[in-house]
Structure formats: structure tokens, C-alpha cells
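> The listed protein sequences derive, respectively, from chains P, W, Z and H. Just so we're aligned, residue 0 is where the first sequence starts under numbering that gives the first Met the number 0, counting upward by one. Just so we're aligned, residue 0 is where the second sequence starts under numbering that gives the first Met the number 0, counting upward by one. Just so we're aligned, residue 0 is where the third sequence starts under numbering that gives the first Met the number 0, counting upward by one. Just so we're aligned, residue 0 is where the fourth sequence starts under numbering that gives the first Met the number 0, counting upward by one.
Please note: incorrect hints may appear among the correct ones.
[What the hints assert, rightly or not] Restricting the straight-line Cα-Cα distance to at most 25 Å, the calculated cross-link-like pairs of lysine to any residue (SDA-like) are:
| # | chain 1 | residue 1 | chain 2 | residue 2 |
| --- | --- | --- | --- | --- |
| 1 | P | 83 | P | 7 |
| 2 | P | 177 | Z | 129 |
| 3 | P | 115 | P | 52 |
| 4 | P | 115 | P | 171 |
| 5 | P | 115 | P | 149 |
| 6 | H | 251 | H | 166 |
| 7 | Z | 53 | H | 595 |
| 8 | Z | 129 | Z | 111 |
| 9 | Z | 2 | Z | 41 |
| 10 | H | 550 | H | 576 |
| 11 | Z | 2 | H | 509 |
| 12 | P | 161 | W | 15 |
| 13 | H | 251 | P | 50 |
| 14 | H | 550 | H | 149 |
| 15 | H | 550 | H | 41 |
| 16 | Z | 2 | H | 508 |
| 17 | H | 605 | H | 591 |
| 18 | P | 83 | W | 66 |
| 19 | W | 71 | H | 155 |
| 20 | Z | 129 | P | 165 |
| 21 | P | 83 | W | 13 |
| 22 | W | 71 | H | 217 |
| 23 | H | 349 | W | 101 |
| 24 | P | 83 | W | 15 |
| 25 | Z | 129 | W | 89 |
| 26 | Z | 147 | H | 268 |
| 27 | Z | 22 | Z | 144 |
| 28 | P | 161 | P | 142 |
| 29 | P | 124 | Z | 129 |
| 30 | H | 85 | H | 155 |
| 31 | H | 320 | H | 217 |
Keep in mind that the hints were calculated from the coordinates and are not lab data.
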Amino acid sequence: MDIPYTVDTRPDTGLYNAKAGIWLFLASEVMLFGALFSAYILLRVGAPEGLWPLGWLNVPLGTINTLVLITSSITTVMAWAALKVNQFDRFKLFHGITLLCALIFVGIKSFEYYDKFTHYEVTLKDGRIADGHLKEATDTHVTISGRFVEEREELYDLHKHKAHGHETITIAREDIEKLSNYGPRHNTYMAIYFTLTGLHALHVIGGAIVIGYLWGPGSRLWRKDPERFTNRIEISGLFWHFVDLVWIFLFPILYLL
Amino acid sequence: MSEKHHDEHFGHHVRRYLLVFYALLLGTAITVAVSYVPFTNHALNIGLGLVIAGTKAFLVAGYFMHLISERKMIYAILAFTVFFFVGLMFLTVWSFYDFPPLTITR
Amino acid sequence: MDKILGLPVVASEHGHHVDLLIKYVHWLMIALFVGWLAYFAYALFRFHRSRNPKADYVGVRNHASNYIEVAVAGVEALLLCFVAVPAWRHVVDVFPEESESTVVQVVAYQFGWYFRYPGPDGEFGRQDMKFVSAQNHFGVDPDDPRGKDDIQTQNEMRVPVNRPVIAYISSKDVIHSFKIIAMRVTQDAIPGMRVPIHFTPTMEGRFQINCAQLCGIGHSSMAQGFLVVESEEEHAKWLAAQAATQ
Amino acid sequence: MQATTHAIPHTGVHEAHHSDAGFWRTYIFSTDHKVIGIQYGLTSLTFLLIGFCLMLVMRWQIAHPGEPVPVIGGLLEAVLGDVAAKGVMSNELYNSFGAMHGTIMIFLGVVPLAFAAFGNYVVPLMIGAPDMAFPRINMASYHVFVLGGLVMLVSFFIPGGAAQAGWTSYSPLATSIATDGQTFWLIGMVLLITSSLLGAVNFIATIIQLRAPGMTWMRLPFFVWAQFVTAFLLLLAFPPLEAAGIMQLMDKVAGTSFFLPTGLAIGGDLANVSGGGSPLLWQHLFWFLGHPEVYVLILPAMGIVAEVISNNTRKPIWGYKSLVYSALAIGFLSFIVWAHHMYLTGMGTKVATFFQTTTMIISIPSVIILTCMFISLWGGSIRFNTPMLFVLAFLPMFGIGGLTGLPLGFSYSDIHLHDTYYVIAHFHYIVAPGTIFALFAGIYYWFPKMTGRKMNEFWGRVHFWLSFIFMNLVFQPMFAQGMSGMLRRMADGGAMYSATANARAGAGVIGGLTDYIMSLHTYILWAAVGLALAQIPFIVNLFWSLRNGPKVKSDNPWRSTTLEWQTPTPPPHGNFAEPPRVYRGPYEYSVPGHPTDYTPQNVPEK
Ligand code: HEA
Ligand code: HEA
Ligand code: CUA
Ligand SMILES: [Cu+2]
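Generate coordinates for the entire structure from the input sequences, incorporating the hints supplied.
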């Protein structure tokens with residue numbers, strides 16, 4: 000006996016196996032991200048008044064990435080539709096764009112990460128706080144390009160306190176009380192930001208690998224078993240749309256609100 | 000089915016996908032724009048942002064993922080998931096709002 | 000019933016109620032268990048294949064089991080609505096007046112307890128976590144005059160008998176749990192949180208404070224803390240003596 | 000197709016999977032659900048044994064704190080180093096054995112045995128499928144499971160040893176312990192969760208998609224239903240723990256503060272973290288899995304019980320529909336009761352009322368399931384073979400465990416019982432003489448299908464009676480200890496809280512654990528040793544019967560109705576000689592007017 004319904008649909012459920020499988024998997028993904036979103040909510044409402052960062056991320060970059068993902072989503076579904084009408088070339092084109100979008104997304108995301116890791120908050124012994132990008136660090140001093148603030152709160156709500164000023168500040172090591180970059184340990188916002196977007200980026204990379212495979216070597220299946228291949232594109236597409244969908248929420252809650 | 004018929008069908012679908020695509024672009028633009036409008040109450044910004052995100056998510060799930068016209072079985076699976084998702088979110092957050100009086104939580 | 004269950008000494012007002020609920024539930028459990036067991040034993044004996052070589056396709060035809068199930072649900076609902084919920088409300092939501100009570104702050108650490116009393120002025124000094132250090136367990140603001148006369152003790156909590164106690168439970172490192180078995184109180188001591196509890200001791204004596212939450216290698220030996228319940232006079236004397244040494 | 004009359008083509012497990020594929024493809028990288036089931040079975044039995052051994056050492060320490068562990072003390076010191084200096088268990092070692100006992104028993108023992116092993120072997124056969132829906136994912140899930148298990152095992156031998164913060168791994172303790180055990184634990188858990196998720200997807204898809212023609216939902220054997228609900232619990236409850244695990248991992252290795260509040264002062268001064276997190280958040284996410292998880296432990300067991308009972312009473316299970324609906328109700332409700340593990344974290348009346356109410360409601364479907372099983376006995380023609388004995392013991396044992404959940408379920412009585420041995424006794428009555436017994440029953444029951452031979456009946460009975468007696472001797476005293484206030488996770492068995500210790504210190508303390516309560520430790524220790532010895536007949540029987548057990552004379556030695564028995568024995572690759580078709584419900588025993596006392600699901604109507 001062979002396993003039934005690997006390609007054609009089972010009459011009473013109307014599904015082929017992989018489609019049932021992917022939706023179940025997505026259900027579990029909903030719970031995975033759901034737990035992280037709950038954590039986000041609790042950390043946010045639990046943060047002391049005025050100490051939840053606003054406007055820390057680069058909105059233009061985030062917007063571009065949103066557009067990139069939306070574009071990749073439509074090309075995915077177009078690629079599948081192309082296969083449905085037997086237009087393999089059109090599939091190749093659309094799916095190629097999807098792959099490209101995935102790479103652009105990851106590229107932009109890495110740049111954003113890099114930017115955060117080189118962004119420092121320096122607490123001086125005299126109580127002042129310097130904040131900006133690291134230019135140079137030696138044994139005796141650090142140089143950043145940024146600004147001084149009196150109160151830590153000013154660093155938080157950047158909607159209210161716009162971050163003007165890009166002076167070059169050099170601080171002697173012995174004046175420094177604490178040096179902290181905007182990595183995950185900076186505060187709970189950065190922690191949840193890196194965790195959520197990191198996990199999301201892993202999904203993007205995983206998806207890109209699958210899409211790349213199906214675009215390249217995997218597409219040979221088209222000639223042997225077109226229906227199965229079309230199904231595979233549908234399945235990977237469903238996953239990809241889900242990844243897009245998560246981003247649709249991540250973008251406003253992390254970048255905008 | 001003839002090739003021509005196929006193409007017609009395809010065109011029909013593509014038009015719909017493109018429509019959704021434009022709607023998503025528009026949604027993104029609105030979210031970004033709205034976030035720069037300083038409402039008196041920041042909660043309003045948040046609410047609006049989430050409503051738009053929800054709409055976009057609905058479009059992606061409904062049309063790109065074809066949920067609008069999916070099978071009963073998948074609705075059933077997702078109904079459970081939504082129930083538990085809401086349970087997780089709501090009950091956890093609720094628990095943080097019901098402590099004995101005078102409890103300090105931070 | 001007390002004997003069978005082996006409940007330990009109880010020395011607080013509400014403790015008797017806790018025990019009462021435990022007893023009610025155990026009555027229900029025993030009734031169910033014994034009933035089912037009798038049926039079970041009979042069924043196994045009666046329907047052994049040697050006594051009943053041919054099985055009956057249908058088996059039980061009546062709906063007695065439905066009534067039992069409804070009855071179980073009913074008893075549970077009664078216990079819930081009329082005992083468990085009101086009693087819980089009483090212990091967590093309805094607090095005695097602070098002025099009528101002994102107020103204590105409790106901070107757990109690895110591996111022991113610190114207690115803090117408001118001192119002669121009846122007010123605690125301001126606290127902030129940023130002041131916490133190896134010496135300053137409560138994070139008392141050194142500039143607040145109200146804190147100057149506060150009384151701090153380690154591993155010894157003293158309260159007068161028959162007067163409500165309000166204790167604010169917290170921890171400075173990991174999660175512990177403040178449990179005094181005879182008082183029937185348990186409250187996790189969670190860092191970053193301060194949760195109030197209250198109880199009224201009714202018996203004088205020295206009671207052990209247990210740490211009921213795994214808190215590291217010293218968890219099993221976190222047993223040096225004691226609650227001493229004494230008469231009003233003795234307590235006043237002790238307070239005065241403490242205030243003098245602070 | 001009536002396989003019952005077939006002569007047995009092969010004997011023994013070895014020939015069964017004979018193919019040209021070679022050793023690796025046949026035994027290690029097999030995609031056949033039956034091989035994977037057996038792989039899961041043997042691995043998880045091994046882990047059960049390891050988990051039990053950990054506990055034996057701990058029971059010694061509880062009864063004789065500070066004394067060198069007899070027999071293996073030297074070995075412990077040799078492999079584990081300072082934590083077992085002079086063969087004495089240190090508190091670190093006690094804590095890590097405790098945490099790993101819980102973790103191993105649950106995530107590496109019972110879940111893979113009850114869900115993955117039996118599920119893999121039996122479910123496709125029962126629904127008339129040739130294999131699982133995704134055989135390669137199935138294989139992957141086993142391999143990820145083994146990897147997770149290895150990470151857990153390796154962690155015993157790293158400096159400082161395995162995780163020490165209990166199976167619940169509450170933050171901040173879990174992240175504040177300086178050794179790497181917790182990191183290993185978290186990585187191991189992420190792997191195990193991933194494996195379970197793959198398995199769950201596979202099971203659900205299989206049950207939805209691959210049911211044989213005629214196998215409608217209400218004709219599924221109850222075991223399949225139980226596995227179906229279980230799979231949903233795993234699918235939807237595990238991801239939040241995975242998320243929480245990732246966050247705790249971030250806390251541990253990236254220095255974040257998801258679960259660390261502001262003002263944490265470990266060992267005196269303020270910890271060098273940003274703070275702002277919440278320890279309670281971990282507990283919520285943990286118990287969001289933790290509670291459904293306990294039904295993951297019990298539902299497959301109930302499924303096995305239903306199969307064995309109907310087979311050995313020779314009559315249909317009473318109230319099949321209520322069973323199915325109750326299982327669904329349990330699955331549904333188990334997601335909204337979790338905070339009953341957190342009553343004493345500081346909970347207001349509203350939330351407490353909600354969770355108490357759901358907890359009480361969820362006990363009702365359990366009562367219904369048990370009642371149906373009981374009533375099924377009435378009018379039966381009961382055969383007392385080994386699987387049936389284990390199953391019959393399951394019923395009152397689960398009864399004790401379940402009923403003692405009730406006083407825990409009321410927040411008010413939980414004040415006294417929380418974190419005492421009463422809780423330990425409560426859940427062990429369910430998982431040990433409950434679930435483990437049901438699993439034993441399953442092994443004795445399906446062994447002939449897997450191997451073509453029966454296990455030895457006499458030694459099976461010996462195994463049963465000894466296990467039954469010693470289990471009760473181990474766990475019954477714990478109720479008394481818990482009621483009198485003995486706390487869990489005490490490396491010295493509560494010696495510091497005993498009346499004797501207090502008297503010695505001259506403290507004049509009222510209360511304290513009496514000498515009688517403390518003396519129970521010794522009895523429990525020896526009962527546990529007895530329990531261990533009682534497993535020897537089983538282990539020997541299991542392996543001995545592979546080659547020497549009495550051969551079964553038909554493909555359906557138990558004269559059962561369900562589809563797994565209507566295949567050749569052992570089933571070949573692809574399972575059924577020809578696609579089966581189902582005509583009736585799963586438990587058509589003693590149908591009036593039928594010539595035999597069982598009517599298999601696939602026999603056509605006349
Ligand atoms: C398989 C495992 C399993 C199962 C099924 C259950 C079932 C139940 N559990 Fe249990 N529980 C655990 C495993 C389990 N539990 C574990 C592991 C812990 C501890 C975790 C930790 O802290 O480490 C725990 C802890 C735990 C607590 C927290 C205690 C504390 O920490 O203070 C609570 C509180 O409500 C609770 C309640 C219940 C209830 C109400 C049920 C109900 O569902 C029970 C319903 C069943 C019945 C009511 C029985 C019906 C039977 C009959 C009526 C027939 C009688 C039969 C005969 C006489 C033959 N459990
Ligand atoms: C499924 C779960 C499960 C199971 C089966 C068990 C089984 C047992 N447990 Fe455990 N236990 C837990 C889950 C489980 N436990 C958990 C979650 C905790 C809490 C941990 C924590 O505090 O964090 C705990 C804690 C715990 C404690 C409390 C420790 C403490 O608080 O300090 C004790 C004390 O006695 C104990 C004892 C036992 C005993 C004697 C058994 C016996 O019943 C064991 C019986 C075992 C067998 C009968 C093995 C059968 C296997 C074979 C025979 C193998 C055959 C092998 C081959 C063929 C290869 N357990
Ligand atoms: Cu402190 Cu346990
Ligand atoms: Cu529970």
C-alpha cells in the first residue's frame with residue numbers, strides 16, 4: 000500500500016496531506032509568536048512610566064522592509080498562479096523576485112542590527128549620559144558621535160525629545176561609569192526587539208532556503224510531476240505569507256507605536 | 000480546459016491579488032503616517048495601528064493564503080488556535096491586573 | 000477525621016477554616032472512592048469469566064452514573080461557591096486596618112529572612128530598589144527620616160497574639176516561599192514584587208518559618224527563621240528594646 | 000481480507016523488517032512508522048529507567064542525608080566529581096537529580112513512550128493507513144528527540160552538572176545559578192519541543208487524512224481519539240514554552256532581563272542586568288504548557304485502558320460517545336486551568352475564582368471517563384491476563400491521584416498543601432501507578448503484534464503484583480507526610496524542619512515534622528528499592544520473549560476487533576495486504592447473533 004493523498008485531495012476533507020500539515024504547523028507558529036507577543040505586552044505595560052522606548056528604530060528602513068515583504072508575498076502567490084496555468088517561465092520570474100526580496104530583507108535587517116550594536120549609551124561618573132554611535136575605542140578613551148542628555152528619560156521617548164545633535168564626543172575611560180550598547184541586554188525593549196525580529200529573521204532565512212531550493216534544483220520536479228510541484232509551491236507560499244503576516248504586526252509594535 | 004480559459008481565470012485571480020497588494024501598500028502608508036500624528040492619547044495611536052495591522056493581516060490571510068475560501072477542516076483547526084491564542088493572551092495579562100490590594104508589582 | 004488526615008497544629012484564626020475545607024473535600028473524595036471501590040470489587044468478582052462466560056453486548060442499561068456525575072459536580076460547585084471563593088476573598092482581598100495590626104515587611108534572601116518593623120513612629124521609611132546593597136536589604140532611602148527608627152531583624156519575626164498581622168512578602172534574589180505551617184499561610188516571595196498577606200495568630204509560641212519554594216542549594220536548610228507569638232506586653236518590651244539598639 | 004486466518008509468514012522482529020536496504024536504512028534511518036515506534040519505545044524505556052535510578056539515589060539521600068550512597072557512591076564520585084565527594088550526594092547534586100528526574104520522566108520517558116512510541120506503532124494500523132502522512136518528518140522527529148535526550152544526558156557530566164532549578168525552571172533561580180546546566184537544559188528542551196511539534200503535526204495530519212474508507216470519526220478506536228487530542232495539546236501548548244525557553248536562554252546567554260525584575264540583588268549587591276522583566280511571566284508561559292502536558296501524560300494511557308478493557312471484557316466500551324466528548328472537553332479545558340499551579344504567587348479573587356472554576360469543571364470529564372470504564376466492566380466476561388491486571392489497577396490508582404487533585408484545586412486548601420509531598424503523591428499516583436501501568440499494559444498487549452510472540456504470562460503477573468504493592472508503599476505515605484507539612488525538593492528530606500532537629504537546637508518550637516513522619520522515609524526507600532527489583536522480571540521478560548516467547552498462533556491472538564490485529568504479524572512495510580475497508584464501530588464484541596464473540600471492523604456485513 001502506498002500513502003494516499005500525497006498529491007490529490009481527499010474527498011471528505013478536501014485537502015492533500017501536506018496542506019493539512021502546513022496549516023497545523025502554522026497553528027503552532029501562531030502560538031509561538033503569540034507567547035512572545037504576550038511577553039511584549041506585559042513588558043510594555045510593566046515598564047515604568049516614560050521608560051518604554053519610542054522611536055528608537057529606523058522607520059524608513061522598517062517601511063522599506065515592510066514593502067519588500069509585501070512584494071515578495073504577492074510574487075509568491077503569482078508564481079503559484081502561474082504554475083496553475085502551466086506557465087513555468089512566469090513562475091521562475093516571480094519566484095526569483097521572491098527570493099531576491101528575501102535576501103534584501105535579511106540584508107536590511109542585518110544593517111539595522113549592526114547599527115544597534117554600535118550605538119552606545121555612556122553613563123558618566125558625573126551623572127551625565129552621552130548617547131551615540133561609537134567612532135573609536137581605545138584603552139584610554141572612547142569617541143562617539145552623538146549628544147549629551149541630563150535625564151535618562153530624554154533618551155526614551157524620541158517622539159517627544161527629538162535626537163538632534165551629532166557632535167563628536169570623546170570621553171576618558173576613567174570618567175565612565177557604565178558603557179552599554181543597544182544590544183539585547185540594554186533593556187527589555189531591546190531584548191524583545193532582538194528576540195522577536197531574530198526569530199522572525201530565522202523564519203525568513205529558512206523560508207528563503209526552501210524557496211531557493213524550489214526555484215533552483217527543486218524545480219526539476221515540475222517536468223516529472225507538475226501537480227506535486229505546484230503543491231509544494233503552495234505549501235511554501237503559505238509559510239511565506241505567514242512570515243509576512245508576522246512582520247505586519249512586528250513593524251507597528253516595534254517601530255511605530 | 001482550454002489554454003484560453005486558463006488565462007482568463009488567471010487574469011481574474013491576478014487582478015484580485017494586485018488589488019490586495021495595493022491595499023497592503025496603502026495600509027502600510029497609513030500606519031506610518033498615523034504614527035506621526037500626535038493624538039492626545041497615545042493609546043489611540045496604538046489602537047489605530049493595530050486595527051490597520053489587523054486589516055492587513057486579514058487581507059494576507061484571506062486572499063494570499065486563500066483562507067476566505069478554505070476547507071472546513073482548516074477553519075476548525077484555526078478556530079481552536081484562535082481560542083487558545085486569545086486564552087493565553089487574555090488570561091495572562093488579566094492575571095497581572097488582579098493581585099491582592101497594595102501589591103507592588105515592580 | 001483530623002486523626003486520619005494527620006493535620007498539624009493550627010494556630011491562627013483562619014487556619015481552622017482551611018482545615019475545614021480540606022476535610023470537606025476529603026469526605027467527598029472518600030465517599031466517591033469507597034463507593035466506586037465497592038462497585039469495582041463486586042464487578043470484578045461477579046463478572047469473572049468463570050462466572051459469566053458470555054458477555055452482555057449492552058451492559059448497564061440505566062443512567063445511575065449520570066446522577067452520580069451530576070452529584071459530584073454539584074458538590075464541587077457548592078464547595079466552590081460557598082466555601083472556597085468567599086474564604087479566599089477573605090484572605091487575599093479583605094485586609095484589617097493597618098492601625099489595628101502588626102505590620103511587618105519580609106524580605107527573603109538566599110538563605111534566610113529579613114524582617115522590618117516601622118519602629119516607634121509607626122511609619123516605614125521610603126524604599127527604592129536602587130539603594131539595595133549587601134547591607135541595605137530593603138533598599139531603605141538613607142535620607143528619609145521616617146526610616147531612621149525602623150527596626151530590622153534577621154530570621155526572627157515577633158508578633159503579639161490575637162492581633163492581626165499584615166506581612167508584606169518580597170525577595171531580593173530568587174523566588175522563595177513564606178510558609179508557616181501552623182498559621183496556614185503560604186505566600187511566594189517573588190523578587191520585584193511585594194505581596195501582602197494577613198493572619199491572626201491565636202496561640203503563643205515559637206513557630207518555624209518554612210521556605211516552600213526551591214531557591215538553590217540552601218533551600219532545605221533555610222530553616223533558621225522563626226515566628227514568635229507572644230503576649231502584648233512582652234511584644235511591647237521587645238519592640239522597645241529593639242528600638243533602643245537600632 | 001481476513002488476516003486472522005493467514006499463516007504467519009515471518010517470525011521475530013528481525014525478519015519483519017527485512018529488506019535490501021541494509022542495516023542503517025532499516026534500523027536507524029527508517030521511515031517506517033513501526034520501526035520508528037519501536038525506536039521511540041526502546042529509547043524512552045531506557046530513559047524511564049535512568050529517571051528511576053536518579054530517584055533511587057535521591058530517596059537514599061532523603062532517608063539518610065549526608066551518608067555516602069551505598070554500592071554506587073564511589074561510581075558517582077568518579078564520574079560526577081566534587082558534587083558527589085566521598086560518595087555523598089551534595090545539595091547541588093540532589094537538586095540537579097530532582098530537576099532531571101522530572102524532566103526525563105516527563106519529556107524523555109512518558110511522552111515519547113505513550114505518545115510517540117505507541118502512537119507511531121499503533122495509530123496508523125488502527126486507522127487502516129499504510130504509514131504516517133509524512134514518513135520522513137517522522138524519522139526527523141525521532142532524531143531530533145534523540146539529540147535532545149543526548150544534550151540532557153551530556154549535561155550531567157559538564158562542570159557543575161545538570162540543571163538544578165526543578166523541572167519547572169523558575170526564573171530568576173534558573174538563570175542565576177552560575178553553571179551551564181540550565182543552558183543545556185534549555186537547548187535540550189527546545190530540541191525536544193521541536194521533535195514533539197513535528198510529531199504532533201504528523202499525527203493529526205495522519206488521523207485527518209489517512210483514515211481507511213469507512214473509518215468515520217465515530218468509528219475511531221478511543222485510543223486514536225486520545226492520541227488525536229494529545230497531539231493537539233502538544234501542537235498548541237508547546238510553542239509558548241518554546242518561546243519561553245528561548246527567552247530564558249536569552250536571559251542566560253545574552254544577558255537580557257525577560258524574567259528578571261528591577262532591583263535584583265543576588266548574593267548581596269544589585270545584579271548587573273537591566274531588569275524590568277517579570278518572574279511571573281515565566282511561570283505563566285511554563286504552566287500554559289505544564290498543565291496541558293499532564294493530560295498529554297494521561298490521555299494516551301486512558302486510550303490504552305479503553306482498548307484493553309473492551310478486549311478483555313469481551314464487550315463494547317460503555318458510553319463511547321461520552322468518552323470521546325470528554326476527551327475533547329479535557330483537551331479544550333486543559334488550556335485554561337494552568338494558573339492553579341500559581342495560586343500562591345499572589346492572586347486576587349477574580350482570577351483565582353476563574354481558575355478554580357475551570358479546574359473543578361475539568362475534573363468532571365475525568366470522572367465521566369473513569370465512570371464509563373468502570374461501567375464497561377458490568378456484564379462483561381472478564382479475563383485477568385497481564386495487560387488487564389495493569390489496566391484494572393490503573394483505575395483506582397488514577398482515582399486516588401485524580402481525587403487528591405481536588406483539594407489542590409481549591410486555592411484555599413492549596414494554602415496548606417502547596418509544595419508539599421501531598422502534591423508529589425497526587426501526581427505520582429496518576430503518572431506512576433496510573434500512566435506507567437497503562438503503558439506496561441500496552442507493552443504486554445501489543446507485544447505479540449510487534450514480534451509475533453507473547454510475553455511470559457507468569458513473570459508478567461509477578462511484575463504486576465510486585466509493582467502494584469511497592470508503588471502503593473512508595474506513594475501512600477507521602478500523603479501523610481504532605482498533610483503534616485513536609486515540603487518538596489528538600490535535599491535532606493526535611494530533617495532541618497523536624498521536631499528532633501528543633502529539640503536539639505533547644506528552640507522549643509511548636510510543630511515540626513514528627514519522628515513518625517520522618518521515619519516513613521526509611522520505609523519509602525526500601526519500597527522504592529523493592530519497586531526497582533520488581534522491574535527486573537519485566538526487563539528480562541521483554542528481551543527474553545523476543546526470541547523465546549510462545550509464538551502466537553494467529554494474527555489476532557487476543558481476538559480483537561480493531562484494525563491493527565487484522566494485518567499480518569508483524570505487519571510488513573505498507574501494513575495491509577490490501578487496503579482495508581471499515582464497516583462498523585471499534586468495539587463490536589459479543590454482538591448478539593454473531594458466531595464469534597468479536598466482529599472485526601473490516602468484516603463486511605453479510
Ligand atoms: C497526568 C498527570 C496529572 C493529571 C491527570 C492531573 C489531574 C489533576 N490535577 Fe494535577 N498535577 C500534576 C499532574 C496531573 N494532575 C503534576 C505533575 C503536578 C505538579 C507539578 C509540579 O508542581 O511539579 C500537579 C499539580 C496539581 C496542582 C497544583 C498543586 C500545587 O502545586 O499546589 C493542582 C491544583 O489545582 C492540581 C489539580 C489537579 C486536578 C483537579 C486534576 C483533575 O483533572 C483530576 C480529575 C480526576 C478525578 C476527579 C478522579 C475521578 C475518578 C473517580 C471519581 C473514580 C474513583 C476510582 C476508584 C475508587 C477506583 N494538580
Ligand atoms: C511521568 C512522570 C514521572 C514518573 C513516572 C515518576 C516516577 C517516580 N517518581 Fe517522580 N517526579 C516527577 C515525575 C515523575 N516521577 C516530577 C515532574 C517531579 C518533580 C520534579 C521537581 O521537583 O522539579 C518528581 C519528583 C519526585 C519526587 C520528589 C523529589 C523532591 O521533591 O525532592 C520523588 C520522591 O520520592 C519522586 C519519586 C518517584 C518514584 C519513586 C517514581 C517511580 O514510580 C518510578 C517508577 C519507575 C518505573 C517503574 C520505571 C519503569 C521502567 C522500566 C522498568 C524500564 C525498562 C527498561 C528497559 C526495558 C530498557 N519523584
Ligand atoms: Cu528559600 Cu527555598
Ligand atoms: Cu495542572
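> Against this structure, judge whether each hint is valid.
To see whether the hints hold, each was checked on the structure:
Distance hint between residue 83 of chain P and residue 7 of chain P is fulfilled; the C-alpha atoms sit about 14 Å from each other, no more than 25 Å. About 15 Å separates the Cα atoms of residue 177 of chain P and residue 129 of chain Z, which keeps this hinted pair within 25 Å; it holds. With a CA separation close to 14 Å, the supplied pair residue 115 of chain P and residue 52 of chain P stays within the 25 Å bound. This hinted pair checks out: residue 115 of chain P and residue 171 of chain P have alpha carbons roughly 22 Å apart, not beyond 25 Å.
With a C-alpha separation of about 22 Å, the suggested pair residue 115 of chain P and residue 149 of chain P falls inside the 25 Å cut-off, and the hint holds. Only pairs whose Cα atoms come within 25 Å are accepted, and residue 251 of chain H paired with residue 166 of chain H is accepted, the gap being roughly 17 Å. Proposed proximity of residue 53 of chain Z and residue 595 of chain H is supported: the alpha carbons are some 11 Å apart, at most 25 Å. At roughly 21 Å between alpha-carbon atoms, residue 129 of chain Z and residue 111 of chain Z fall within 25 Å of each other, so this suggested pair holds.
The straight-line distance between the Cα atoms of residue 2 of chain Z and residue 41 of chain Z is roughly 30 Å, outside the 25 Å bound, and the hint therefore fails. Taking the CA atoms of residue 550 of chain H and residue 576 of chain H, the gap is about 21 Å. The hint holds against a cut of 25 Å. Taking the CA atoms of residue 2 of chain Z and residue 509 of chain H, the gap is about 18 Å. The hint holds against a cut of 25 Å. As the CA atoms of residue 161 of chain P and residue 15 of chain W are separated by approximately 42 Å, the hinted pair breaks the 25 Å bound.
For the given pair, residue 251 of chain H sits about 24 Å from residue 50 of chain P by alpha-carbon distance, which is consistent with the 25 Å threshold. A hinted pair counts as satisfied when its Cα atoms are at most 25 Å apart, and residue 550 of chain H with residue 149 of chain H does not qualify at roughly 36 Å. The suggested pairing of residue 550 of chain H with residue 41 of chain H holds, with an alpha-carbon distance near 22 Å, which does not exceed 25 Å. A distance of roughly 21 Å separates the Cα atoms of residue 2 of chain Z and residue 508 of chain H; the hinted pair therefore holds under the 25 Å criterion.
Between residue 605 of chain H and residue 591 of chain H the CA atoms are separated by roughly 15 Å; this keeps the pair inside 25 Å, and the hint holds. For the hint pairing residue 83 of chain P with residue 66 of chain W, the CA-to-CA distance comes to about 18 Å; that is within 25 Å, so the pair holds. Restraint check for residue 71 of chain W and residue 155 of chain H: not satisfied, since their Cα atoms lie roughly 48 Å apart, outside the 25 Å limit. Between residue 129 of chain Z and residue 165 of chain P the CA atoms are separated by roughly 32 Å; this puts the pair beyond 25 Å, and the hint is violated.
At roughly 12 Å between alpha-carbon atoms, residue 83 of chain P and residue 13 of chain W fall within 25 Å of each other, so this suggested pair holds. For the hint linking residue 71 of chain W to residue 217 of chain H, the alpha-carbon distance of about 18 Å falls within 25 Å, and the restraint holds. Distance restraint check for residue 349 of chain H and residue 101 of chain W: the Cα-Cα separation of roughly 16 Å lies within the 25 Å cut-off, and the hinted pair is therefore satisfied. Restraint check: the Cα-Cα separation between residue 83 of chain P and residue 15 of chain W comes to about 16 Å, which is no more than 25 Å; the hinted pair holds.
A C-alpha spacing of about 32 Å is found between residue 129 of chain Z and residue 89 of chain W, which places the hinted pair above 25 Å, so the restraint is violated. Simply put, residue 147 of chain Z and residue 268 of chain H have alpha-carbon atoms about 22 Å apart, close enough for the 25 Å limit, and the pair holds. Straight-line distance between C-alpha atoms of residue 22 of chain Z and residue 144 of chain Z comes to about 50 Å, which puts the hinted pair past the 25 Å bound. Proximity of residue 161 of chain P to residue 142 of chain P is assessed by CA-CA distance (about 22 Å); at most 25 Å being required, the pair is judged to hold.
For a cut-off of 25 Å, the pair hint linking residue 124 of chain P to residue 129 of chain Z stands: about 16 Å separates their Cα positions. Of the supplied pair hints, the one linking residue 85 of chain H and residue 155 of chain H holds, its CA atoms being roughly 18 Å apart against a limit of 25 Å. For the hint pairing residue 320 of chain H with residue 217 of chain H, the CA-to-CA distance comes to about 8 Å; that is within 25 Å, so the pair holds.
In the structure shown, a violation is registered for the earlier hints numbered 9, 12, 14, 19, 20, 25 and 27, in ascending order.
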